[in-house]
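Undergrad: Chain by chain, the residues:
2 protein chains.
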Amino acid sequence: MTNDILLFPSRKHSISFRVSSIFSSLSEEEDRAWSQRCHVRCLRAGETLVDHADESTDLFLLQSGEVRAVLRFGVGKEAIVGVFRRHEVMGELSAIDEMPRAASLTAVNDSVVTVIPSAVFHEIIALKPQVNKAVLQLLSLRMRQLNDRVSELSFLDTKHRLYNTLLRLSRIRMDGGGERVISPPIVHSELAEHIGSSRETVSREMARLMREALVERTSRAIILKDPGELSSRISRALQN
Amino acid sequence: MTNDILLFPSRKHSISFRVSSIFSSLSEEEDRAWSQRCHVRCLRAGETLVDHADESTDLFLLQSGEVRAVLRFGVGKEAIVGVFRRHEVMGELSAIDEMPRAASLTAVNDSVVTVIPSAVFHEIIALKPQVNKAVLQLLSLRMRQLNDRVSELSFLDTKHRLYNTLLRLSRIRMDGGGERVISPPIVHSELAEHIGSSRETVSREMARLMREALVERTSRAIILKDPGELSSRISRALQN
Numbered sequence: 001m002t003n004d005i006l007l008f009p010s011r012k013h014s015i016s017f018r019v020s021s022i023f024s025s026l027s028e029e030e031d032r033a034w035s036q037r038c039h040v041r042c043l044r045a046g047e048t049l050v051d052h053a054d055e056s057t058d059l060f061l062l063q064s065g066e067v068r069a070v071l072r073f074g075v076g077k078e079a080i081v082g083v084f085r086r087h088e089v090m091g092e093l094s095a096i097d098e099m100p101r102a103a104s105l106t107a108v109n110d111s112v113v114t115v116i117p118s119a120v121f122h123e124i125i126a127l128k129p130q131v132n133k134a135v136l137q138l139l140s141l142r143m144r145q146l147n148d149r150v151s152e153l154s155f156l157d158t159k160h161r162l163y164n165t166l167l168r169l170s171r172i173r174m175d176g177g178g179e180r181v182i183s184p185p186i187v188h189s190e191l192a193e194h195i196g197s198s199r200e201t202v203s204r205e206m207a208r209l210m211r212e213a214l215v216e217r218t219s220r221a222i223i224l225k226d227p228g229e230l231s232s233r234i235s236r237a238l239q240n
Numbered sequence: 001m002t003n004d005i006l007l008f009p010s011r012k013h014s015i016s017f018r019v020s021s022i023f024s025s026l027s028e029e030e031d032r033a034w035s036q037r038c039h040v041r042c043l044r045a046g047e048t049l050v051d052h053a054d055e056s057t058d059l060f061l062l063q064s065g066e067v068r069a070v071l072r073f074g075v076g077k078e079a080i081v082g083v084f085r086r087h088e089v090m091g092e093l094s095a096i097d098e099m100p101r102a103a104s105l106t107a108v109n110d111s112v113v114t115v116i117p118s119a120v121f122h123e124i125i126a127l128k129p130q131v132n133k134a135v136l137q138l139l140s141l142r143m144r145q146l147n148d149r150v151s152e153l154s155f156l157d158t159k160h161r162l163y164n165t166l167l168r169l170s171r172i173r174m175d176g177g178g179e180r181v182i183s184p185p186i187v188h189s190e191l192a193e194h195i196g197s198s199r200e201t202v203s204r205e206m207a208r209l210m211r212e213a214l215v216e217r218t219s220r221a222i223i224l225k226d227p228g229e230l231s232s233r234i235s236r237a238l239q240n
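Residue numbers (UniProt numbering), protein chains in the order written: chain A, 1 to 240; chain B, 1 to 240.
Quick caveat, the hints were computed from the structure, so don't treat them as lab data. In this text, a Cβ means the ideal position worked out from N, Cα and C, and glycines have one as well. Some hints could be false.
To be verified - Ranges of calculated distance between the beta carbons of each label pair, as one might list FRET restraints:
1) B:Asp110 <-> A:Ser21: 51 to 57 Å
2) B:Pro185 <-> A:Leu141: 54 to 60 Å
3) A:His52 <-> B:Ser203: 51 to 57 Å
4) A:Leu141 <-> B:Pro129: 18 to 24 Å
What the hints assert, rightly or not - Derived contacts from chain B toward chain A, CB cut-off under 8 Å, selection only:
5) Ile124
6) Leu127
7) Pro129
8) Gln137
9) Ser140
10) Leu141
11) Gly228
12) Ile234
13) Leu238
14) Gln239
To be verified - Derived EDC-like pairs: lysine to aspartate or glutamate, alpha-carbon spacing no greater than 20 Å straight-line:
15) A:Lys133 <-> B:Glu98
16) A:Lys77 <-> B:Glu123
17) B:Lys128 <-> A:Glu212
18) A:Lys77 <-> B:Asp97
19) A:Lys159 <-> A:Asp97
20) B:Lys133 <-> A:Glu98
21) A:Lys133 <-> B:Asp97
22) A:Lys77 <-> A:Asp51
23) A:Lys159 <-> B:Asp97
24) A:Lys77 <-> A:Glu88
25) B:Lys77 <-> A:Asp157
26) A:Lys133 <-> B:Asp157
27) B:Lys77 <-> A:Asp148
28) A:Lys225 <-> A:Glu179
29) A:Lys128 <-> B:Glu152
30) B:Lys77 <-> A:Glu152
31) B:Lys159 <-> A:Glu98
32) B:Lys133 <-> A:Glu212
33) A:Lys128 <-> B:Asp97
34) B:Lys133 <-> A:Asp148
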């Protein structure tokens, strides 16, 4: 039992690994046995799970909410390098190599996280080849995403980095019309942190996109009216 | 037998995995058995081993020479994301996830590479836990390096990115004086590709560093006379 669980005493959180695709190959019994060695931590919006350079080595499985991985230097210098949602794992680098945390992990909304001690993680990897394979593939995917980020930062100007980020953060709208949405809507200062620019620049570019009817903003979402056009502008910028 | 080996018919290349730290836990016997399923490929300076988006899935072990991983878009848009030297492995992403190559791999000098079919790689990982662990740690290290690259591109201006790249590409000089060297010396257009800038900008900054006696250039090397000063300038830029 940990104190963490007492933060939200009215809610009960059962732990299961198998909700995550990484661990979906575990049997019900294995799931139960390993879960007993983990605990749950509840985070309020804005609360930090780990800080850059912390020496903890737990792996985390996000049960609900949203968490961000942020690189941070000095005052106000932040770059968001990952956004994690329900059933995704986080913090795997330090769990694997036992080096200090590469980025901080901060809850965007109230979030519930399963804390998996690295000893448990390594035991599962050693005993379950399918989990091991899934972890290797996850790391490959993450590296591809980081390579894309390096390309974006190396080759694209602010405007096209913004298009790219809008596409990356959005999900397809389930009405068959081909639009994409970011919901809840992200504020301009956060978009600026995604692309390494200022809030003013983002506001100016967003205003332009709205004039062009490529983006619409409601109280509940940012709607990308023509994602295909944004994509082809990015492709053209990369080829030129 | 492959044709590749015939490119340099006068040289004989024996294959061994154990030269690489990733595979150092293999026994002599295992090394021999798995090596028989690999072949050697010889590359001339400038020759490309794989291209971005290629669908091959081999893993590579660099026996000698130097190879670069490059992200490339359109005409002249290149970002160097990795430099590999003797006994390092390359190409692990596609070997793991069987997706197209994320970057091209190009020989800087004449190089000799062991080509390890992904089936052999997966067999070794499945049977040898220590190799598996080493691969996981390698991927973690690579991700940390890519995170650093994202920080560099997000937070540092051209001048400090140049300092960072000079430090990254250099090795400590073995005379105890604390200097670092890049040998053979890298040309300014290549430095520009490392930092996402122009040759002209690099030349201007290098001239300034030489006036400040922080860098010296000979026909055989670029010498960093005071690496500590370059490091503290970068730290100050990150904190400000």
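Undergrad: For each hint, tell me whether it holds in the structure or not.
TA: Verification of the hints:
1. B:Asp110 <-> A:Ser21: 51 to 57 Å: violated (44 Å)
2. B:Pro185 <-> A:Leu141: 54 to 60 Å: violated (37 Å)
3. A:His52 <-> B:Ser203: 51 to 57 Å: violated (35 Å)
4. A:Leu141 <-> B:Pro129: 18 to 24 Å: holds (23 Å)
5. Ile124: violated (13 Å)
6. Leu127: Not OK, violated: Leu127 of chain B not within 8 Å of chain A, min 10 Å.
7. Pro129: Holds. Min distance 6 Å.
8. Gln137: holds (5 Å)
9. Ser140: Holds, because the Cβ-Cβ distance from Ser140 of chain B to chain A comes to roughly 4 Å (cut-off 8 Å).
10. Leu141: holds (7 Å)
11. Gly228: This hint is violated: Gly228 of chain B lies away from chain A, its Cβ roughly 19 Å from the closest one there, beyond 8 Å.
12. Ile234: This interface hint is violated because 10 Å lies over the 8 Å limit.
13. Leu238: holds (4 Å)
14. Gln239: At 4 Å from the nearest chain A Cβ, Gln239 of chain B passes the 8 Å test, so the hint holds.
15. A:Lys133 <-> B:Glu98: It holds: about 12 Å lies between the C-alpha atoms, which stays within 20 Å.
16. A:Lys77 <-> B:Glu123: violated (44 Å)
17. B:Lys128 <-> A:Glu212: With Cα atoms ~57 Å apart, Lys128 of chain B and Glu212 of chain A exceed 20 Å; violated.
18. A:Lys77 <-> B:Asp97: violated (34 Å)
19. A:Lys159 <-> A:Asp97: With a Cα-Cα distance of about 37 Å, the restraint between Lys159 of chain A and Asp97 of chain A is violated, given a limit of 20 Å.
20. B:Lys133 <-> A:Glu98: OK: Lys133 of chain B and Glu98 of chain A at ~12 Å, within 20 Å.
21. A:Lys133 <-> B:Asp97: holds (9 Å)
22. A:Lys77 <-> A:Asp51: holds (15 Å)
23. A:Lys159 <-> B:Asp97: violated (32 Å)
24. A:Lys77 <-> A:Glu88: violated (26 Å)
25. B:Lys77 <-> A:Asp157: holds (13 Å)
26. A:Lys133 <-> B:Asp157: Not OK: Lys133 of chain A and Asp157 of chain B at ~39 Å, beyond 20 Å, violated.
27. B:Lys77 <-> A:Asp148: The given pair, whose Cα atoms are some 14 Å apart, holds under the 20 Å limit.
28. A:Lys225 <-> A:Glu179: holds (5 Å)
29. A:Lys128 <-> B:Glu152: Violated. Lys128 of chain A to Glu152 of chain B sits at ~37 Å, over the 20 Å cutoff.
30. B:Lys77 <-> A:Glu152: holds (12 Å)
31. B:Lys159 <-> A:Glu98: Violated - the C-alpha atoms of Glu98 of chain A and Lys159 of chain B are around 33 Å apart, more than 20 Å.
32. B:Lys133 <-> A:Glu212: violated (51 Å)
33. A:Lys128 <-> B:Asp97: Judged against 20 Å, a Cα distance of about 18 Å means the pair holds.
34. B:Lys133 <-> A:Asp148: Judged against 20 Å, a Cα distance of about 26 Å means the pair is violated.
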